[in-house]
Amino acid sequence: DAGITQSPRHKVTETGTPVTLRCHQTENHRYMYWYRQDPGHGLRLIHYSYGVKDTDKGEVSDGYSVSRSKTEDFLLTLESATSSQTSVYFCAISESPTLSGIGGYEQYFGPGTRLTVT
Amino acid sequence: QKEVEQNSGPLSVPEGAIASLNCTYSDRGSQSFFWYRQYSGKSPELIMFIYSNGDKEDGRFTAQLNKASQYVSLLIRDSQPSDSATYLCAVRGFGNEKLTFGTGTRLTIIP
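Line by line, the protein sequences give chains A and B.
For what it's worth, the working numbering labels the leading residue of the first sequence as 1, then goes sequentially.
For what it's worth, the working numbering labels the leading residue of the second sequence as 1001, then goes sequentially.
Bound conformation, chain A alone (with noise of 0.2 Å):
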């Protein structure tokens, strides 16, 4: 892994309750992403930052919302989980291109957290 990490790795919630997942970078990268993974749909984006307290929202952010005060963190926050956010959240980085042009917004994956809401 990336110098990435996920807080909580499991959770198993009620409905109508607030989750909070953890991101956490070591690599120092510009971009952060929030995804989930459901069967049938692949990996969709919920929200994703380009800097500090700079976000934007993904194809699926309803019910969600996103919070970075440093770069090295990335919150994403479900406010009143529902049992249709049961589902597999990735946290990604990325960075800009070098400046030769060369390589640039490959997307790195943390571990994962499998959220459950019953």
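Hints are supplied without guarantee of correctness; some may be wrong.
No more than 30 Å apart at the CA atoms, straight line, and that leaves these computed lysine-lysine pairs for DSS-like [unchecked claim]:
| # | chain 1 | residue 1 | chain 2 | residue 2 |
| --- | --- | --- | --- | --- |
| 1 | B | 1056 | B | 1067 |
| 2 | B | 1067 | A | 57 |
| 3 | B | 1042 | A | 11 |
| 4 | B | 1067 | A | 70 |
| 5 | B | 1098 | A | 53 |
| 6 | B | 1042 | B | 1098 |
| 7 | B | 1098 | A | 11 |
| 8 | A | 57 | B | 1056 |
| 9 | B | 1098 | A | 57 |
| 10 | A | 53 | A | 11 |
| 11 | B | 1042 | B | 1056 |
| 12 | A | 70 | B | 1042 |
Worth flagging that the hints you see were computed from the coordinates, not collected in a lab.
On the provided structure of chain A, position chain B as indicated by the hints.
Frame of chain A; chain B shown alone:
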């Protein structure tokens, strides 16, 4: 129409043969293309990326890109049972720091 399409499989290949995985994309302005491998219960792992038309080789893996036809493929030579996994194709659009993922192809290597 999905932006990035992959055959979901399963694709079964005998050990030692060449596995060929394909991906098509709809955005003609796409700039970067990535292949990830994901073992069951694990996170996606980057194995190849390609930006220019043609072939790019890395060990037993070869990525092929044809922008005119809007497809990218991954060849795995001398397939091993450890190559059994789901392979995800991802595409980055022009001026975009986000990736769009296909739903993945499940590959099984038969000993």
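Taking the hints in turn, this is what the structure says about them:
no. : hint            : verdict
1   : 1056/B x 1067/B : 14 Å, holds
2   : 1067/B x 57/A   : 28 Å, holds
3   : 1042/B x 11/A   : 16 Å, holds
4   : 1067/B x 70/A   : 38 Å, violated
5   : 1098/B x 53/A   : 18 Å, holds
6   : 1042/B x 1098/B : 21 Å, holds
7   : 1098/B x 11/A   : 27 Å, holds
8   : 57/A x 1056/B   : 33 Å, violated
9   : 1098/B x 57/A   : 11 Å, holds
10  : 53/A x 11/A     : 26 Å, holds
11  : 1042/B x 1056/B : 26 Å, holds
12  : 70/A x 1042/B   : 27 Å, holds
Checked against the numbered hints above, the structure breaks hints 4 and 8 and satisfies the rest.
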